[in-house]
Each structure stands twice: as structure tokens, then as C-alpha cells.
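Student: Listed here are the chains, written in short residue letters.
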Amino acid sequence: MKLEALKHFLPWFTLLVLVTIIGIANPAFFDPAGLIGLVADIVPLFIMALGMTFVIYIGGIDLSVQQVANLVTVITTVYLANFGMGVAVICILVGFLFGAFSGFITTRLFVPSFVSTLAMGFVALSSARYLSGERALSMDTTLRNENFGWIFGNTAGIPHELAIAGVLLFLAWFLQTRTTFGRALKAVGSGELAAVASGLKVDRIKILAFGISGTLAAIAGLMFSVKLSGGDAHIANGFLLLSIVAVLVGGTPLTGGVGGVINTVVGTLIVLVIRVAMVYLEIDATQQQLVFGVVLIAAIALTIDRSKLRGVVK
Amino acid sequence: MYELRKVDKKFPGVHALKAVDFTVNRGEIVGLVGENGAGKSTLMKVIYGAYQADGGTVTIDQKVVRFHNPRQAMDHGIGMVFQEQSLIANLSVMENIFLGYEAQFVKSGIINWGAMAKAAKEQLAKVKLDVDPATTTSKLSFVQRQLVELAKVLTLEERVDGDLVVLLDEPTSVLAREEVELLFELVRELTKRASFIFVSHRMEEVLELSDRIYVMKDGEIVDVVEQADADIRAIQHKMVGRDVDTQYYREDQQKPYSEEKLVSCHSVSLGQRYKDISFDLHRGEVLSLVGTEGSGREAILRTIFGLNCPTSGHVEIKGEQISKFNARTSVGKGIGYVPRERKIEGIVSGMSVYENMTLSQMQSYSSAGVLNTAAEKSLAREWIERLGIKTPNEFKDCGGLSGGNQQKVVLAKWRSGGSDIILLDHPTRGLDIGAKEDVYDMVREMSSQGVGILLVADTLEEAIGLSHTIIVIKDGMFCKRFDGKPGGKPSLFDLVHHMI
Amino acid sequence: GGPARAALSDPTIAWSYRNRTNPYWNEIVSGGEAFVESLGKPKSDLVHLINDGSSEKSLADVKTLLAKESGNVALAIDTNDAPNCRPVVEAVAASMGYVSTIWNKTDDLHPWDFGDHYVSHMTWSDVGPAEQTARILFKKMGGKGGIVGLGGIASNNPAIERKQGLLNAMKDYPDIELLDYQAADWDTQKANQIMSSFITRYGDEIKGVHCANDTIGYGVLEALRAEGLQGVIPIVTYDGNPQAVDLVMKGDIEATVFTNPHWGGGITAALAYYAATGHFKPSAEPHASREFYGPTILITPEDAQAFRAEYIDSVPNYDWKDFWGPGNGQIVYK
Amino acid sequence: MVDATAKPAFVLRLLSRNRIVKWAPLLVLSALVLFFPLIEWLEDFRAGDAHAYLIDSRFFSVRNAARIGISATPALIVAIGATFIIIMGSIDLSMEGTVSVCAVVFASVFIGLGGTMLSWAWLALPLSMVAGAMIGFVNGLVHVKLKIPSFMASLAIGFVGTGLALLLTRGDRIRVEDPVFRALLTERWFNFPVMVYIALVFLLVAWFIQSRTRLGRNFYAVGGGEELAHASGLNVERIRLLGFTLAGTFFSVGALLAVGRIGIAETATGNNFMFVSITAVVVGGTALWGGIGGVWNTLAGVLIVNVINNGMVVVGLPDFLQDAVLGILVITAVVLSTDRKSISFVK
Ligand SMILES: Nc1ncnc2c1ncn2[C@@H]1O[C@H](COP(=O)(O)OP(=O)(O)OP(=O)(O)O)[C@@H](O)[C@H]1O
Ligand SMILES: Nc1ncnc2c1ncn2[C@@H]1O[C@H](COP(=O)(O)OP(=O)(O)OP(=O)(O)O)[C@@H](O)[C@H]1O
Ligand SMILES: [Mg+2]
Ligand SMILES: [Mg+2]
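Protein chains in written order, with this note's numbering: chain A, 1 to 314; chain B, 1 to 500; chain C, 1 to 334; chain D, 1 to 347.
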């Protein structure tokens, strides 16, 4: 039974191992200011992974997040002048609608989320290309600083980015563990038919989960856009696979019902640390991808709790 | 010829088999009974090579054998018909029959489908089943699938020289009486070639079929009786560790029901599944729908629960007509559904006992969407106590409970939420008599508290014993209504006569 | 810009770029390595940050390196997307490192706004050369007929400029009709598919193809080869990769443009490095030395042979302190 | 769920619905093949020079069919490899890395051994297939032995593969110009290049494996119920291992065709294969949860995706809209080829 309890901490253990390896190779890694900076930089990816968690938690996947974020960077840049901070509302709404619509296609039209979200991602990409006029756009710097400059400030040594991530994490955690919605998500992830037969509005719950994913993808895109002070239809490329990896490495399997947002915190940190390790351990440029793949396999092999995969491993 | 000596099997935290001695002689039918979780299935799986014993020896004709996987067991003539069906739905019947043994039809790497079909036909003939071997298995009825399962095991006849041992783990729990007869007939015929181990919770069947009966309790063999000496009550006593009331349907406690209508069906039809069904369910009434497998009884329950939408007619719940058929609405109107597939639709495995209990009524345990977990847990503790659910605590994963206890969790879910219309679909399937008794008690108790119960029972005896009213459904149509007041209950014969 | 501090003595030299799967970036890297070797160090001393087309990774890697080296960094970088340039430069400046950028930068961002730490930005004015290749193409076509164009990722600066060059050239050729222009995302296989679809749509009307780079050109060439049209329909490309130069020599490609990535890779690192070590003070240099165009050399069948001998068969030995010699003047904003 | 005890009339109706669902991908494909010429016709009609609807259609022509064939073949073979895995209820996302490695291995060995098919260099072909099989095998090992879900295992192996290709090439691209090898593209029989026929041969091989071999049938058994298959005595681990090995082999054939088409092997050769092939498999009607579908479905799916891509350019759809239209059409195709009555939910 002791061992059972330890399983819960496997992802943390993996993280610890990786951190130790880097720390031994280069003690400078433990410089607190540097560490905080590194962690703050992964915030947009983390927020996206946080949203992805909800979808994977119910056994689906959201491949549209990166394109939604791309679209949002364009929207933010284009409409910042018109709406100021209000542009955030538009972005969030757009993100939610894209997500919810993917969810609708999945639940009502029985299109697997792998395909429905991929396709909705294409729609988002086209919208972004159209809206941006196929150009990289930049924001008016003063406008950006007036409206969103606070995001990159510091209070008592804590970057506001981290604070935002913390708040979103808390909300997500609260939603997952403390609300009827979170409980319903778990039921849908673990046994959808039983959830239906208990009178839950399963379709609506699933659509909402996708909606949350879209919303958080939009917030990630917004933060990224403000950080870069601009946007275009491809600028968030590279987020998608990493956010999926972050969720899975954290120990939320694609089968659903297990894991959750706290796991995603560890997962994102593991991804961060693997990436940082490439630089700190001075891995040769042509070997980085190979090493990433191998370390990923090792990390997952260490991390996943096989007893929770229920039945066969597919 | 087949012998287990001091076989031991441990799972984390459970000692499932404790030094079990077990013998099967040539041509013998051995019964194996025991309450839920006694270790019957585990024993079967050890014999079949699906589990490996931790200790003890297995011998066949005095030779020690050890199977690392089912395949090796099969090669030694051991076959198994599973408690949960083991046919693969998307494959054809013949592929299922020869699954893993296609080699005989393969010539230079190519499967000869014609030859396989022919061979499959022969196997199907053994179980007197006339279906096209190329049919996709999912298109067969449940009974047909059970027969295919048996046919699959019987391929051992040709494949293996020497004696066969066929394990039947609760093969009858889903069969209607006449199908059971057919199965028994087959089994008896086949003793020429094979020995059988027969596991069932239906004691009469075990007595009827078996030459010798092993009784298990808590992983141990507590008794072995010859058929001639067998006495149901004594066996049940050994199994449960206490006396079992023969009057376990508690007919004497049956109270008359009130006139208040809870559910009224008016000429309800669902495509070809059932047609023109009308009846009323009253407060405090237990109403059984009886009929053969596939007669449409379950579909009627599912319609009332909102899981499917009738094509014509209308349903009134407590005087209000249902306009939108979904589970949500029905739950809101106080209907609870105990499904036949309790592991799929009844409980959410992976969620704890208390989470399962409040799943249908989270609004009552939350404010503004935020759960009051403390209240949930105290509710769960109360009902664990009240129904005697065997679980260490309310946090335990419901998927890890035994079937009977899972069933109690499902009932607790509905009852604690105040549902006063309960739809029971095979509520005692696969439960041991101890657990069954508990379910009967609960039915009685609910009925006396004014709950209307619509029952699709596992056996006719159960339906007769429990119900105020029995409606016979045949081919999806209303056939006959019986009043079942104590003293005036219809006989088995009356019902069967109308069913087929 | 931050307060000035003593120049760095031995900064880590790093190149941050898109990937290693593209000859263009390999040339950039070889230049960077040649520069590092010119300092008497092994070329393995050059740190590679690879972003794989992800701006997020580009920025994160830069910050990681800055943290690791406590700002003791001379960085050469293409930031992958123009908007990503600002945060990269800000991060480097904030930790007192030195950075030189190429290609991607927004117009409102200038090295001189960051004191010494943002050393320089080099880009290539692709409008002019792309216009020249277009003219070569049109001439080959006899000044009339339909053409199709295949561009890079539509929002990339070079993609925009190269398309603009084509459009400019067309003003002088009223009989040239641009039938279609689509983004092929710098991708050989995508270019191949688009080209074959173009052939279906326009058939014989296509008399020439304008490609935004060599990689696209290869895909187009193979689509033409499949139809037995290679050599029949002239194409022009851009970048001057060795293989493309060979194809120019064979006459399969009418023209490509060499931007000397080897030199670009070396000089960008050199600028950052020598600024960091105090060899020169960027803020003392005129604007023209801090934002400038890189060299471009047009390669046509006539001069391909000579070009190959000079630039590919033997790599010239560049003077890595001659920062601005081969350049093409100050960047002009429209 | 199918209620087999219902009346025959119902069964008949059910059958016909089944049949429609079964043929839906083909119907969608036919609709698309008739749809694009219609747009083309409308365009010409508006421009004032109407042509005969199909006969004079540029889209609906043998030449264009060959073009679609050329662009579809590598993806088809890769998608076939993925089909086997998806039938097992798993997923293989390693194709991008595997294709790159195999392409690069082929090209470098081919060049190293003389660079023409008429020398020993042809050995590069089987060698590349062995490389593909090996990567698939390792992928299977990681999945089966480390018990890592195939999604993750294959994704990571894909990274490893791309990394390996990069390591082998150091980022260079290798041109394969041997005219005999390039005859795959340049030599035409009955208007279609040789590579299309090669792909057809491999499609038939795949069909043979799927329908006539034990391994192929066992994929369906595992996909239909892995635990049941195990209980029936199948060695599921071995089947999975073989499945991934087989998939790797097909990926490598896809790689060879990709090199044949472009004449270049590089680390980027595998780009885009992942989403295209999985999408094609699903669009073809093979269910992601396993047990249903097959290689003919995949053929239809790959053709649907390629016809859409080709058709959009041929009818002159602005390129920024093409992604969206592809997305919407893909959803439509999946909706049409899904038997909504037979499944209770999808994820
Ligand atoms: N796979 C398993 N892992 C852990 N424990 C198990 C497993 N299978 C069975 N057990 C344990 O072994 C005991 C015997 O279970 P088994 O399934 O053999 O009972 P059974 O007699 O077949 O019951 P039933 O009548 O309900 O079919 C149970 O108490 C259970 O806790
Ligand atoms: N994977 C498992 N892990 C732990 N315990 C298990 C597992 N599988 C079964 N069990 C245990 O085995 C016992 C019997 O399980 P089983 O599934 O046979 O239930 P059951 O009472 O026979 O119900 P049914 O007859 O409806 O299947 C239960 O007590 C359960 O705790
Ligand atoms: Mg059992
Ligand atoms: Mg059981």
C-alpha cells in the first residue's frame, strides 16, 4: 500500500532526477532568479497544456490549440488599437467558441476529436491567414504597454506571468476537484455510459471541456502575442506537440479519467527541464532531437502509473 | 485425471486461493459453487493458464504441468467458456471459433476461408446452431453467441488427443430456461469426450447437472458433495456461513400497493423492438416484465428511463407526459435505473464509492456548482452501513468491489437521491445467494416504502416471488397480465406457456 | 539600453536558427563555425540553439542560455518570426549580452535603441534580386505568356519581398500574365503538389515559374519532370544552394540568387562577438553600420561555373573583421 | 448494439444502412470527383466559354488523375502502415521520423554503392525496408515491453527517427538522380507513372495480409478485444510487435516512393506525413478505436484528401482558404462514413 501511495509521486520523481542531473552538470542552474525566469517563460505553453488536460482527461484530444493561439495573436494585434484591453474578451470568446464547436462536432456528429479538432485548427489557421493579410503584424508598443504591460511586471520577485499561471492553475484545479463539473468530467472520462445513465448532461460537459481547452489556448496565445508584441498566422507553431507531451508526461493518460491539472504542472516542468538540459548539457545540435526522443521515452517509462491505465495498454 | 494439489494464489491484499485441492475425473461434470468473490473464477483462470498459481501443483494423468498462458492450457485440452463472453464482436463466427488456431487452414501463408467455413459449420452443428459461419459475431443474439462460445471450446475435440476439460464459468446466468436445457443436453452428450467444471449461482442447475459439487468459501474448498447426497440448504449454509431462508423472496412481507400511478405507458412502440405496450406502475407496486431473451423487456425499461425514444405512443410519469426522452429528465422525475451491464452503465470504475453514489444527484450536494464533499461522504457512510456494502471505506474504487456490492452502490445512488421509481434490469445477475437475498430485501423494503419498481428479473422464480403484477411480453408485444398477490401467484408453467 | 559595463572577455558564441534540415541554415552554421575557428577555438565551441520553427522555443532557448552564462553571450540569431525579435533582443540586453540578428525584425525595432547590446541587424533586400530573376524568366519566355508563382510561408518577410520583386518586374512586361501565386511554405513536397495542380488548372498556359526559394524550385522541377516538361518551362529560384547552382549550370533553373549565407553566418556572429569584446563600440557606429543589407549575387547559366568555382568548390577565406565590406547599404523602410 | 433477435425486415433495413456506411467513403470520393468539375464548369460558364461538363474538364482528366496518383502514393503506403496499427486500436505517430530515416538510409547507401540501380546500389532498397522494419520493431518494443501507450511511444520514436535522420545527414539533402530509379516517376504505363503501379502492388500485398494471413486477421482480433484475444490464446504482445514492424516496413516503402517522387532524401522528407496519413485513415472509415476498416478504406481516404487538395487548387480557391475548406470537407467525409447508430459515443 505504501508503494501505491508512492506511485502518485512518480512524475515528481522523474522531475527530480532530471533536475539533479542538470544541477550536477552545472550548479549555476540552481540560481533562483534564473530558475524563476525559466519557469516564467514556459507559462504560455503551460496554460495551453492546462486546457489540453481537460480534453485528455475526458479521453479526447485537442489538436486545434496551436492554431487557435495563432489566430488569437493575430486578433490581439489587429484589434488592440480598437478595443484596448477589451481585446482579451474577444480572444477568449473566440477561443471558447472554437473549442466548443470542436466539442459539438465530436459529441453530436461522432467525429473523433483527433479529426474534429485538427479540422477546426485548419479553420482557425485560414481565419488567421485572412485576418493578418498574410503578414507578420506588430503592435503599437505604447498601446501594448498601456494595456498589457503589467503582465510582464514583477511583484516581490514573482513575475506576474507566474502569478497568472498560478491563478489559472488554481481555478482549473478547483474546477476539476471541487465542483460538480469536475466530478462530471471524471465520470465521463472513466465511464461515459454510466455517466449518461446517471442523468448527467454528458454532451454538454464534453463540449464545455473542449471549450475550456480553446479558452486556455486563447489565453496562451494572448500572452504570447503580448510578449512578442505582435502576431501572425504561424507564430505559435511548436506549441501543439509540446503541450500534448506535457500533459501525457505528467501522468494524464489518453484513456481519460486519471491524472489532472496538477499532473500537468509536473509534466510541463519536465518538458521545460528536458529542454533546458539541451542547453545546459551542451548537447550537439544535430543530436538534440534524438536525445529529446530518448529522454522522453525514459521519462514516460518512469512516470506513468501502469496500474491506472486500466486493462490493456493501447 | 486432472488434479490440483494445494494450489495457492495471492493478489495484492487478497489471498484468493488457499491450498485448494481439486480433482476432475474422466467424463465427470464437476460443479463449483461459492459466494461472490469466493475464488471460483480465479480457480478457473488458474486451470486455464490465464493466471499462474503461486504455489501447489497441477497434474494431468499424474504428469505435472505448468501453463504460462491459455494457449498452453488449450494445447493440453483445457478450454473455457467465460463468465463474460469472450467472442470478439467484429470478427466472423468462424474466425472466433478458430481464433489462434488458424494454422490448420493456412497453406503457404494463405488462409483458406472455404475450408475454415466448412470446419466451422461442423463445430456449429455440434451445438445445433445454424448460422452462416461468415456472419459477423456482433449480429448474433446473446444466446447464439453463448453457443458459438461453446462450439469454440469444442474444437478441442479434434485438436487434442486424449481427454478434454471444459470450464464453464456461469454460462447459464444469461440464458433462458429452454436454452439452459439445450446447453445441459449438449454437455451431457459431450461427457463421452470431455469432463466439465460448471460454475453457477443457480443452485438448482448445479444440482441438476453435476456429478460432484465443490463448495468454495473465502478461497478455500469447504466441502465436496456427491450429487446424490446434495442438499441445497446445506450447501448454501456452507457457502454463506449461515442459514439461508428458503422464503428468501419474502412473499409474506408483500404489501398491497396504492392506487397512485407513477408510470403510465400508453401504446408505446419502438420500431420493431416492442409494439403497442400499455401498462401502469403504481406506488408501492413491483411489476415484472417477463419474456424470453430479446423479447423487448429491456428496451421498455430503457425507454422509460429516457435512454431511447419511442417511435409512437406516450409515457406519463406521475401524471406528466414526457416530451423529451433523455436520462436527465427521467432522473429529475425521480426514476432510477439499475442496468444489466452494471460495470459499464451502473458504476463508474475509477471513481470512489461516494463519488458513484452522488453522481446522479450532485446538485443536492453542492452549492453554485461547488461540491460539499463532507456531506457526500457522510451520505456514503450512511448507505454503506444501511445496505451492508462490503468496502473498507467510502474512498475505495468502485471498480474493485465485487458485483454484489457494486449493485448495492447503484441502488444506494438512486435510493439516497429519493428516487421513487426504480427500474431493475437483471438486478441479481451473477450475484451469490447471500447478495441476492440482500437485493430481495431491498426490493421489499423499497416497495413497502412506496417505491414503484419495474423489474426485469433474472429468473422466473424471482419474478413470481417478488412481484405484485407480472406482464408477459412476447416478441415485443403485450401478451398476458397476471396478478401476483401472495397466495394467488401464477405458476412457472403459466408464464412459460405464454412466453413461447 | 542598460548601463554600459566593461566589455566581455570571453563570451560564449551562439547561433540560434531554424533547423539543420535545410542547406541554407547549414551554410549559416558553417560560416559561424569558420568564424569561431578564426579565433583559434575548436568549432564545437559554437553553441547551437535550434528552434524548429517555434518562436516560443527560440525565445526560451535564448533565455536559458543567458541564464546559464549569466549574460556572457555573443548571440547571432534569426528569431524565426519578426515579432519574436523584440523579446529576444530585450532579454539579451537585460542580461548584458550582445546580439546580432538577421532576417526577421519588425520595422519599429532598431539596434540603436538598445545602446551597445543590440549590435546589428542584417537582412537581404530580396525585392531587387527577385525582380531580376523575374526579368530573366520573362526574357526567356520571350516577354509574353502566363506564369505561376510559388511563395514561402506567406507572412515571412522574404516571402513577401520576393513576391513583390516578381510583381515589380511585371510592370515592364504587359504581356506577362500572373496566372496564380500560392504559398508553398518553403516546402519541397508541398510545392510539388501545388505545381502539379497548377498544371492541371492552367495546362499549356504556363510558360514560366517563379519560385521563392530553391527548395520550392526542386519540388516544381520534379512536378515538371513528371510531365516531361523540365527544360520546356523555365523556372527561377532563390538562395543559391550548391545543388541549385548545379541545376543552373545544367540549365534546369534559369537563375537563382546567392545571399552568401556562409559569410552571413560568420559575420553576424563576428559582429556580436567583437562588440562584446570591445573591439568596436556599436553605439559609436553610424546607423548604416547597424542595419544593413547583406550581399546578393545573381547566378545565371552564364556565370554559374565561375560562381561555383569561387564560392562553393573552395570557400573563400573571409576577413571576419571586415564587417561591412560585402554589405549592400543601410536598410530602407517603406 | 445490434439487436439480432428483431424481425427480418428490420435486419434487412439495418443491412442496407450498414452497406451505405460501408461504401460511404467511396460515395464521398465520387461526389468530390464530380463536384470539382462542376465548379470548374461554372467558372468557365460565367466566363462565357462553357465546356462539356466532364469530357472537357481539366480536373476530370487522365492526366490529372495521374497527378493525383503521384501525390497520393507515398501517403497511401504510409497510411496503409498506420491502418494496421489503428485496426489494432493503437496508434502510430512515428511515421515522420521513420520515413525520414528510411529515405536517408536509402539515399546514402544508394549513392555509396554507386548511385545507379544497375549496380549493387539496388541493395539500398531492401536495406531501407529493413531499417524501417527495425524502427517499427523498436517502437513496438518500447510500447509493449515498457507498457507505454502507443501514442506516446510512437511520438517519441518519431522524434528519435527525425533526430537520427538529422544525425545521418548532418542536415544535408541527398539528391538521387539515377534515371533508372527515377523511372518511378518518369516512366509511364498507360498514362500513369510506375510508382502508382508499385503502390498498387503494395496495396494488394497489404490487402492480402489483411484478409488472408493470420497476422492480418489477428490485428482485427486485437482491435476487437485485446483481453478476449489474449484469453483465446493469442500472443497479443507478439502480434503488436509484428504490427509495428510491419507498419515500419510500409513507412519505409512510402519513404522510397517519396524519394522517387522528389528525387531528394532529407530529414524533412517525412514532414506532414503524420496528420495526413492519420486523417486519411479516419476519413476512409477505419475507426480509431480499432477493429473496423481496412486498407481499401485507407485508399479511399487518401484519395479523398488528395482529391480535395488538388481540386482546391484546380478550381482556383484562394490559398488562405484552402486549409479551412480541407478541414470542413474532412469533417463532412467522416460524418458521412460514420455509423452513428452502432456507436454510443466517441472521444
Ligand atoms: N485480477 C485480480 N486482481 C486482484 N484481485 C483479484 C483479481 N481477480 C480476483 N481477485 C480477488 O480474488 C478473489 C476471488 O475472486 P473470483 O473472481 O475468483 O471470485 P468468484 O468466486 O469468481 O466470484 P463470483 O461468484 O462473483 O464470480 C476476490 O476476492 C478478489 O478480490
Ligand atoms: N482487476 C481487479 N483488481 C482487483 N480486484 C478485482 C479485479 N478484478 C476483480 N476483482 C475482484 O474480484 C472479485 C470478483 O469480481 P467479479 O468481477 O467476478 O465480480 P462478481 O461478483 O463476480 O460480479 P459479476 O458476476 O457480475 O461479474 C471482486 O471482489 C473484485 O474485488
Ligand atoms: Mg467469477
Ligand atoms: Mg464474477
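Just so you know, the hints here were simulated from the structure itself, not pulled from any lab data.
Small disclaimer: the values here were computed from a predicted structure and weren't measured.
Glycine included, C-beta positions come from ideal geometry on N, C-alpha and C.
Please note that the accuracy of each hint is not assured.
[Said to hold, decoys possible] Taking CB as the label site, the calculated pair distances span: (1) D:Leu321 x C:Asp172: 40 to 46 angstroms; (2) D:Val194 x B:Ala125: 48 to 54 angstroms; (3) C:Gly53 x B:Phe395: 43 to 49 angstroms; (4) A:Gly133 x C:Lys171: 19 to 25 angstroms; (5) A:Gly133 x C:Ala306: 37 to 43 angstroms.
[Claimed, not checked] No more than 27 angstroms apart at the CA atoms, straight line, and that leaves these computed lysine-lysine pairs for BS3-like: (6) A:Lys7 x B:Lys139; (7) B:Lys18 x B:Lys396; (8) B:Lys10 x D:Lys145; (9) B:Lys343 x D:Lys341; (10) A:Lys201 x B:Lys10; (11) A:Lys201 x B:Lys333; (12) A:Lys201 x B:Lys318; (13) C:Lys171 x C:Lys140; (14) B:Lys275 x D:Lys145; (15) B:Lys396 x D:Lys147.
[As the list claims (entries may be wrong)] One-sided and incomplete, this derived list gives chain A residues near chain C with beta-carbon spacing under 8 angstroms: (16) Gly34; (17) Arg129; (18) Asp232; (19) Ala233.
Student: Please go over all the hints and tell whether each is borne out by the structure.
Tutor: Hint check:
1. Against the hinted window of 40 to 46 angstroms, the Cβ-Cβ separation of Leu321 (chain D) and Asp172 (chain C) comes to about 31 angstroms, which falls outside the hint.
2. Between Val194 (chain D) and Ala125 (chain B) the beta carbon distance is about 51 angstroms. The supplied range of 48 to 54 angstroms therefore holds.
3. Separation of Gly53 (chain C) from Phe395 (chain B) is about 47 angstroms and conforms to the stated range, judged on CB atoms against 43 to 49 angstroms.
4. Checked against the hint of 19 to 25 angstroms, the C-beta distance between Gly133 (chain A) and Lys171 (chain C) comes to roughly 22 angstroms, which is consistent with it.
5. Between Gly133 (chain A) and Ala306 (chain C), the C-beta spacing of about 41 angstroms keeps the proposed range 37 to 43 angstroms intact.
6. Among the hinted pairs, Lys7 (chain A) with Lys139 (chain B) is inconsistent with the structure: their alpha-carbon atoms are about 43 angstroms apart, more than 27 angstroms.
7. For the suggested pair Lys18 (chain B) and Lys396 (chain B), the alpha carbons sit about 25 angstroms apart, so the restraint of at most 27 angstroms is met.
8. The suggested pairing of Lys10 (chain B) with Lys145 (chain D) holds, with an alpha-carbon distance near 24 angstroms, which does not exceed 27 angstroms.
9. Distance hint between Lys343 (chain B) and Lys341 (chain D) is fulfilled; the C-alpha atoms sit about 22 angstroms from each other, no more than 27 angstroms.
10. Restraint check for Lys201 (chain A) and Lys10 (chain B): the C-alpha separation of about 41 angstroms exceeds 27 angstroms, so the hint is violated.
11. Our distance criterion of 27 angstroms between C-alpha atoms is met by Lys201 (chain A) and Lys333 (chain B), whose separation comes to about 15 angstroms.
12. Restraint check for Lys201 (chain A) and Lys318 (chain B): satisfied, since their Cα atoms lie roughly 23 angstroms apart, inside the 27 angstroms limit.
13. With a C-alpha separation of about 17 angstroms, the suggested pair Lys171 (chain C) and Lys140 (chain C) falls inside the 27 angstroms cut-off, and the hint holds.
14. Proposed proximity of Lys275 (chain B) and Lys145 (chain D) is contradicted: the alpha carbons are some 53 angstroms apart, above 27 angstroms.
15. For the proposed pair Lys396 (chain B) and Lys147 (chain D), the alpha carbon gap of about 25 angstroms is at most 27 angstroms, so the pair holds.
16. Using the Cβ-Cβ criterion of 8 angstroms, the hint placing Gly34 (chain A) at the interface with chain C is satisfied: the shortest such distance is roughly 4 angstroms.
17. Taking 8 angstroms as the C-beta cut-off, the interface hint given for Arg129 (chain A) holds, the closest approach to chain C being about 7 angstroms.
18. For Asp232 (chain A), the interface hint holds, the least distance from its beta-carbon to any beta-carbon of chain C being 4 angstroms, beneath 8 angstroms.
19. Given the 8 angstroms rule on beta carbons, the hint for Ala233 (chain A) holds: about 6 angstroms separates it from the nearest Cβ of chain C.
Against the hints set out earlier in the document, violations occur for numbers 1, 6, 10 and 14.
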